[in-house]
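Top to bottom, those sequences are chains F and X.
According to the numbering used here, the first sequence is numbered sequentially starting from 1.
According to the numbering used here, the second sequence is numbered sequentially starting from 1001.
With a straight-line cut-off of 25 angstroms between C-alpha atoms, the simulated BS3-like cross-links for lysine-lysine are:
{"#": "1", "chain 1": "X", "residue 1": "1113", "chain 2": "X", "residue 2": "1059"}
{"#": "2", "chain 1": "F", "residue 1": "252", "chain 2": "X", "residue 2": "1059"}
{"#": "3", "chain 1": "X", "residue 1": "1134", "chain 2": "X", "residue 2": "1113"}
{"#": "4", "chain 1": "F", "residue 1": "357", "chain 2": "F", "residue 2": "299"}
{"#": "5", "chain 1": "X", "residue 1": "1059", "chain 2": "X", "residue 2": "1134"}
{"#": "6", "chain 1": "X", "residue 1": "1134", "chain 2": "F", "residue 2": "252"}
These stretches of chain X come out as covered by chain F in the derived footprint (C-beta under 8 angstroms, 3 or more residues):
{"#": "7", "segment": "1009-1016"}
{"#": "8", "segment": "1019-1029"}
{"#": "9", "segment": "1142-1150"}
Please keep in mind that the hints were generated in silico from the structure rather than gathered at the bench.
Glycine included, every Cβ here is placed at the ideal spot set by N, Cα and C.
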Amino acid sequence: MTALQEWPDQADRHDRGLSETETERQSYLRAGYSLGSWFFTRDHKRIAILYLFAITAFFMIGGAAAALMRLDLLTPAGDLLTNEGYNRAFTIHGVIMVWFFLIPSIPNTFGNFLVPLMIGARDLAFPRLNLLSWYIFVLAGGFTLFVLIAGGVDTGWTFYTPLSSMFSHGNVVLAAVAVFIAGFSSILTGLNFIVTVHKLRCPGMTWDRLPLFVWAIYATSLILVLATPVLSITLVLIAAERLFGLGIFDPKLGGDPLLYQHLFWFYSHPAVYIMVLPALGVVSELVAAAARKPVFGYKFVAGSSIAIAVIGFFVWGHHMFVAGQSMYASAVFSFLSLAVAVPSGIKVYNWAATLYKGHISLDPPFLYGMTFIGLFVVGGLTGLMLAMLAVDVHVHDTYFVVAHFHYIMVGGTVSAFFGALHYWWPKIVGRTYPLVWGRLAAIFIFLGFNLTFFPQFLLGYLGMPRRYHVYAPEFQMLHVLSSAGASLLGLAYLMPLVYLTWSMRYGAPAGDNPWGATGLEWTTPSPPPKHNFDEIPVVDRPPYDYEIEMEGEDG
Amino acid sequence: MVETRPVAEPYRDARQQRDAAMLGMYVFLGSEIMLFGGLFAVAAVMRLLHPAEVVEASKALHVWIGAINTAVLLTSSLFVALAVDCAKRGRRRGTGAWLFSAASLGAVFLAIKVYEYSLEHAEGLLPGLGAPLKISTPVQRAFMDLYLVATGLHALHLLIGILLLLVIAIRAVSGRLLLPERVIVPVAAGLYWHLVDVIWVFLYPVLYLAR
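Let's have the full structure, built from the sequences with the hints guiding it.
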């Protein structure tokens, strides 16, 4: 494999845009053409496609809100949006991106598509529940959009009390209901994955042969099932306070506003790991496929997913260092937050060790994987700064925090999402896309992202608070840089939409295994038939069983 | 126990399907525990911050009504267990009868609960309905708020459980639910019922017996 390989059958250019192949005729994509065959399907692969459409739409809506904010921030005066309008814009951006893009992004699309294929099963354990979960998700998303655009909510995605419960003018109750409904979708999806991984693995697919992506999805599902209900009950309490005056969080009525923050972050910090763990799983796959070597320290990489999920439940207090919680509690939370760096570090070091002396192919998936690793390291290290009590007091609620979590969630998770899209696209649609465009998009995303968010680290460190759209003139330069980067990033995110759509008709057929990767999903035809496997496979070797070329053999 | 029913799509055999259904139910119940866990956390915080006032507020509740309801719910769980036993032996009518009895006891629980709410409403203890309150301290107010949310959420779960048991009872008696092949259906529903029962077993001391 040379570094700049082209697709194997790209030479037959006259073959492009040709009629469908025999494989395609038997695939899940052609297993029915009516709308009903899609909207009432129980095939995990079709449900994955449904999710892909839904979250792409939400991604664009959330992105549009971000674009409005970045436009408004070009000048120190708040001239584009009103104060209320700006508050609503960042609430739309946060709520949509967190609950309707980031949380479902990788698990519900690629998890749905790949988990059964990777473990040698014909479907998820509960196919009807899977479809129900999509309908709940779309219902909740539509309802949220209606609430956020028609009525407007100005609390930010965190719904902090007492602002949300006593002072906010917007439709907080309806927004809470919408997120509450979306929670059911998360719980059902997580439940489905847990049962599938436990009960539907094919013969020989033992736990220590499970692909690392499946390990990551499994860890994510544990969080989905155990943390989401706590958010649900918290939102119920908020709604009860606004509707019936039940003041669990209202100090006048004997309640405690800080309790809200505890309950909220008990969910929402693990939720960060819901967003990033699947991305870590994707990158493990991308790195192994690009290096063409077994993953270094497989058991540690798998175990670190579980470790992150477990420790992630005990770090929520680091959001509240300046909120008046006990100093001793803060010290413990600070220590535990630093401890999360250990399993995260294990992953990064093991990826680096996997790449060491590998025959690395610089294909789009790997470029996205590298983008992920770089941005994740920056986001993670600044996370360590924020976990330190003294530093946090200085930068709390500034753009430093905004930049930090965008490095993890956007730089990390969204890059991994695009990496997964480019890696498994030939499997999903059965066609190849132009690699050059894939590489260009990856590079533009990397550049645009850094131009957008690196200035925000500086802004925050200099004291620019988050959630303000009127700011001191000396910050303008950095804000303009950030907005310029956001434009580049926005365009880069649109590029794959064009060439991936193009590839569905004009791309060359991909063949079963265009990357020469290991894993059961690559043993099926591309796109896979409706039932995935004609015969349930039997696994008799370790995962990532690449042939290692010894030194001297290959020059 | 010979299972003749064809297995559903993703499964290799009936045993695998049954195991998956059981695990799915357990995972779901785990998420339910976390849902109520949030409320128990609130109760714990309240008790730690204001021990004396919470005890005072708890004494204002009708402890004997709560005790009777506990007995009603525990008995209903026994009936569900008997129903599952019948289902395993393929006795359709017995299954239906025990499930129906359990659902009826669930309805009795709800009726007693409504009576208790109305008593508290008359005494000016129940917030949220606009009546003038005779609550002395903010802590008592917060405690009653928690009481209403927790028992209300529990009642909602019980209502869902009652409907679930009734549907299964009807399907068992009419023969649309194959027994004993599909014994998993009453078993899983029974697990849900027992959990709702157990949650009450924890709610009762936390709310009524704070001394």
